[in-house]
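Peer 1: Below, each chain spelled out in residue letters.
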Amino acid sequence: MSILTFKNVSKTYDKMTHALADVSFSVDEGEFVSVIGPSGSGKSTLLRCVNRLVDATRGEIFFDGHDIIRAGKKEIRQIRKKIGMIFQHYNLVDRLSVIENVLHGRLGHKSTISGAMGFYSEREKESAFQILSKLGLTEQAYKRCDELSGGQKQRVGIARSLMQAPRLILCDEPIASLDPSSSKVIMDHLSLINKNMKITCIFNLHQVDVAMKYSMRIIGITSGRIVYDGPPDRLAESKIHEIYQSNEGELITDVR
Amino acid sequence: MSGEHMDKVPKPQDQTSVFVRRRRTFTLIFLGVMAVFSISSAVTNYDVIGGFESIPAAITWIAKNLIPDEKALSRLPNIIKKLTETALLSVAVTVCAGICAFFFSLLGTRITKINPWIARTVRIAAAFFRNVPDVVWAMLLLFSFGQNILTGFFALFFATFGMLTRTFIETIDEVCEACVEALYATGATYLQTVFRGIVPHSMPEIVSWVLYMIETNIRNSTLIGVLTATGIGAMFDLYYKRMDYGSASMVVISIVILVIAIEIISNQIRKVIM
Numbered sequence: 001m002s003i004l005t006f007k008n009v010s011k012t013y014d015k016m017t018h019a020l021a022d023v024s025f026s027v028d029e030g031e032f033v034s035v036i037g038p039s040g041s042g043k044s045t046l047l048r049c050v051n052r053l054v055d056a057t058r059g060e061i062f063f064d065g066h067d068i069i070r071a072g073k074k075e076i077r078q079i080r081k082k083i084g085m086i087f088q089h090y091n092l093v094d095r096l097s098v099i100e101n102v103l104h105g106r107l108g109h110k111s112t113i114s115g116a117m118g119f120y121s122e123r124e125k126e127s128a129f130q131i132l133s134k135l136g137l138t139e140q141a142y143k144r145c146d147e148l149s150g151g152q153k154q155r156v157g158i159a160r161s162l163m164q165a166p167r168l169i170l171c172d173e174p175i176a177s178l179d180p181s182s183s184k185v186i187m188d189h190l191s192l193i194n195k196n197m198k199i200t201c202i203f204n205l206h207q208v209d210v211a212m213k214y215s216m217r218i219i220g221i222t223s224g225r226i227v228y229d230g231p232p233d234r235l236a237e238s239k240i241h242e243i244y245q246s247n248e249g250e251l252i253t254d255v256r
Numbered sequence: 001m002s003g004e005h006m007d008k009v010p011k012p013q014d015q016t017s018v019f020v021r022r023r024r025t026f027t028l029i030f031l032g033v034m035a036v037f038s039i040s041s042a043v044t045n046y047d048v049i050g051g052f053e054s055i056p057a058a059i060t061w062i063a064k065n066l067i068p069d070e071k072a073l074s075r076l077p078n079i080i081k082k083l084t085e086t087a088l089l090s091v092a093v094t095v096c097a098g099i100c101a102f103f104f105s106l107l108g109t110r111i112t113k114i115n116p117w118i119a120r121t122v123r124i125a126a127a128f129f130r131n132v133p134d135v136v137w138a139m140l141l142l143f144s145f146g147q148n149i150l151t152g153f154f155a156l157f158f159a160t161f162g163m164l165t166r167t168f169i170e171t172i173d174e175v176c177e178a179c180v181e182a183l184y185a186t187g188a189t190y191l192q193t194v195f196r197g198i199v200p201h202s203m204p205e206i207v208s209w210v211l212y213m214i215e216t217n218i219r220n221s222t223l224i225g226v227l228t229a230t231g232i233g234a235m236f237d238l239y240y241k242r243m244d245y246g247s248a249s250m251v252v253i254s255i256v257i258l259v260i261a262i263e264i265i266s267n268q269i270r271k272v273i274m
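These protein sequences, in sequence, are chains A and B.
With the first letter of the first sequence counted as 1, position 184 gets the number 184 in the working numbering; the numbers rise by one all the way through.
With the first letter of the second sequence counted as 1, position 269 gets the number 269 in the working numbering; the numbers rise by one all the way through.
These are computed hints drawn from the structure, not numbers from a lab.
Where a beta carbon is used, it is the ideal one built from N, C-alpha and C, also for glycine.
Where hints are given, some of them may not hold.
[Unchecked claim] Once the Cα atoms are required to be at most 27 Å apart in a straight line, the calculated DSS-like pairs of lysine-lysine come out as:
hint : chain 1 : residue 1 : chain 2 : residue 2
1    : A       : Lys15     : A       : Lys82
2    : A       : Lys73     : B       : Lys113
3    : A       : Lys184    : A       : Lys82
4    : A       : Lys74     : B       : Lys113
5    : A       : Lys143    : A       : Lys74
6    : A       : Lys143    : B       : Lys271
7    : B       : Lys113    : A       : Lys82
8    : A       : Lys198    : A       : Lys134
9    : A       : Lys195    : A       : Lys82
10   : A       : Lys195    : A       : Lys134
11   : A       : Lys198    : A       : Lys239
12   : B       : Lys113    : A       : Lys15
13   : B       : Lys71     : B       : Lys81
14   : A       : Lys143    : A       : Lys184
[Claimed, not checked] Label-pair distances were calculated between CB atoms; the ranges are:
hint : chain 1 : residue 1 : chain 2 : residue 2 : range
15   : A       : Ser223    : B       : Ala35     : 52 to 60 Å
16   : A       : Thr253    : B       : Phe128    : 51 to 59 Å
17   : A       : Met16     : B       : Ile114    : 25 to 33 Å
18   : A       : Pro232    : B       : Phe128    : 54 to 62 Å
19   : B       : Leu191    : A       : Thr138    : 26 to 34 Å
20   : A       : Lys195    : B       : Ile273    : 39 to 47 Å
[To be verified] Among chain B residues calculated to face chain A with C-beta under 8 Å, some are:
hint : residue
21   : Lys64
22   : Ala178
23   : Ala182
24   : Tyr184
25   : Thr186
26   : Leu191
27   : Gln192
28   : Phe195
29   : Gly197
30   : Pro200
31   : His201
Construct the complete structure from the given sequences, taking the supplied hints into account.
Peer 2: If you want it as structure tokens, here you go:
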């Protein structure tokens, strides 16, 4: 069952820059997909088209029965509710506590007033604490987010997206600002979430080796076009160089 | 600089030309300033030497006339009453203007604007309110409200509102972009994003700006009081025109003490919230 389908999607900024050109692919429920490609190749735009943080210029995007490009304001909210998102810079409200940030994941499910006033039900609070304990953040629950380390902040980001009870999680460079050990913790958590909770995950990654190890499928993208779409074990060295438009020996992955 | 570093510089002649150019710019600016100064002195008949020569006489006059005497001390309770009135008015104005400016600025920021044309209008309006000085606002409003405390209130309100709207727009755009994106991505509505994201995230900066404007408004309100015949400004005007310089200087001294006290207090508050 495919949960997300892109059909000939294009995105141009200022009528000049082509961020995405004629992109088509579909993602099945439960897949763990990595999108790799050089900076500025359109990876971020691709991810943001899914939850309409960016509006695609042409084409069709379907997610779980919704026509994303034609969705009105109310429907966009319904769609976003089902899609969690994790960011490179965590994008938390730093001055609020961890638990408050996690509860932000419920805002899409609440009425404007009770959400704006920050009224959460006991059940919502309980499930927030459960998620925090799963991610090993119980002790940090009442700390302010600006007191946390990068890895902890990213786990709060994961907790916030899980709070949405999402069908799909979009991860925009989730480990780009983290050290190797925190990166592993984050990738392991996301991998477990994908396996145990059957939540589809789409990643933007700079680390080709990480993408190869964790994902079932890799999409390589170069100046807005898909140049590779398949399992990691069929991704040849030469293809990686094609994706990054580089020659033998110019990539950090070439260093042995 | 060490010799080692100098060796690495590829073209030394480039460097000297940079210094020559800098010296030339400096000389030109200096000559320009001197020219502007002499022209404007000539037009206004300003006598430079005479101006400096009169300084000692001015100091002697201040020492003789502006020391508060006993009569001035007996007026202190009255002065303090007016001073509190002026200070409280400034606080009230700034807080009102701050709250209005916050909601108005939401329409003008890049990340929370509803429509680009509204955003542009908001920015233009803010620039207009800010660029008309509060004293000019007071003069304008004198026509409609007369010499009344409301005139002072609105004059300070408009100028503060314009200033704070502009700063809030910049603060919100700078501070909140990331968390706004994240909250929208969870499906949060506009108001939820404002109250759960922008308000807590930008509050320390916003409070700090409001405190700064309270300080500025206490200073400005004394001047506006002279125009509108209200508050401490009017009191100063009255004593000054009666040539009761002792009492007038009592007013000035108490204003200075108040301004310093407010600054110390607001710095303490900033330290706690930031």
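Peer 1: None of the hints should be skipped; say for each whether it holds.
Peer 2: Verification of the supplied hints:
At most 27 Å may separate the alpha-carbon atoms for a hinted pair to count; lysine 15 of chain A and lysine 82 of chain A exceed this at roughly 31 Å. Pair hint lysine 73 of chain A plus lysine 113 of chain B holds up; C-alpha atoms about 15 Å apart against a cutoff of 27 Å. Between lysine 184 of chain A and lysine 82 of chain A the CA atoms are separated by roughly 26 Å; this keeps the pair inside 27 Å, and the hint holds. With a CA separation close to 18 Å, the supplied pair lysine 74 of chain A and lysine 113 of chain B stays within the 27 Å bound.
For the hint linking lysine 143 of chain A to lysine 74 of chain A, the alpha-carbon distance of about 34 Å lies beyond 27 Å, and the restraint is violated. Between lysine 143 of chain A and lysine 271 of chain B the CA atoms are separated by roughly 20 Å; this keeps the pair inside 27 Å, and the hint holds. A threshold of 27 Å between alpha carbons decides the hint, and for lysine 113 of chain B with lysine 82 of chain A the separation of about 25 Å falls inside it, so the pair holds. For the given pair, lysine 198 of chain A sits about 16 Å from lysine 134 of chain A by alpha-carbon distance, which is consistent with the 27 Å threshold.
For the hint pairing lysine 195 of chain A with lysine 82 of chain A, the CA-to-CA distance comes to about 18 Å; that is within 27 Å, so the pair holds. For a cut-off of 27 Å, the pair hint linking lysine 195 of chain A to lysine 134 of chain A stands: about 15 Å separates their Cα positions. A C-alpha spacing of about 30 Å is found between lysine 198 of chain A and lysine 239 of chain A, which places the hinted pair above 27 Å, so the restraint is violated. Among the hinted pairs, lysine 113 of chain B with lysine 15 of chain A is consistent with the structure: their alpha-carbon atoms are about 22 Å apart, no more than 27 Å.
Distance hint between lysine 71 of chain B and lysine 81 of chain B is fulfilled; the C-alpha atoms sit about 17 Å from each other, no more than 27 Å. Simply put, lysine 143 of chain A and lysine 184 of chain A have alpha-carbon atoms about 23 Å apart, close enough for the 27 Å limit, and the pair holds. The given range of 52 to 60 Å is respected by serine 223 of chain A and alanine 35 of chain B, whose C-beta atoms sit roughly 56 Å from each other. At roughly 57 Å, the beta carbons of threonine 253 of chain A and phenylalanine 128 of chain B sit within the given window of 51 to 59 Å.
Against the hinted window of 25 to 33 Å, the Cβ-Cβ separation of methionine 16 of chain A and isoleucine 114 of chain B comes to about 27 Å, which satisfies the hint. Range check, proline 232 of chain A to phenylalanine 128 of chain B: Cβ separation about 59 Å, and the 54 to 62 Å hint holds. At about 31 Å, the beta-carbon gap between leucine 191 of chain B and threonine 138 of chain A stays in the expected band of 26 to 34 Å. In this structure, lysine 195 of chain A and isoleucine 273 of chain B meet the distance hint of 39 to 47 Å, their C-beta atoms being roughly 44 Å apart.
Of the supplied interface hints, the one on lysine 64 of chain B is violated, with its beta-carbon coming no nearer than about 56 Å to a beta-carbon of chain A, more than 8 Å. At about 4 Å, the closest approach between the beta carbon of alanine 178 of chain B and any beta carbon in chain A falls short of 8 Å, and the interface hint on this residue holds. Interface hint at alanine 182 of chain B: satisfied, since its Cβ lies 4 Å from the closest Cβ of chain A, which is below the 8 Å cut-off. For tyrosine 184 of chain B, the suggested interface contact is upheld, since its CB lies about 7 Å from the closest CB of chain A, less than 8 Å.
This hint holds: threonine 186 of chain B has a C-beta 5 Å from the nearest C-beta of chain A, less than the 8 Å allowed. Checking leucine 191 of chain B against chain A: minimum C-beta separation of about 5 Å stays under 8 Å; hint holds. Against a cut-off of 8 Å between C-beta atoms, the interface hint on glutamine 192 of chain B holds, since the closest Cβ of chain A lies about 4 Å away. For phenylalanine 195 of chain B, the interface hint holds, since its Cβ comes within 8 Å of a Cβ in chain A; the closest pair sits about 4 Å apart.
Interface restraint check for glycine 197 of chain B: the shortest CB-CB distance to chain A comes to about 5 Å, inside 8 Å, so the restraint holds. The closest approach between the C-beta of proline 200 of chain B and any C-beta of chain A is roughly 5 Å, which is under the 8 Å cut-off, so the hint is satisfied. Satisfaction of the interface hint for histidine 201 of chain B is found here, the shortest Cβ-Cβ separation to chain A being roughly 5 Å, below the 8 Å cut-off.
Hint check: violations occur at hints 1, 5, 11, 21; the rest are consistent with the structure.
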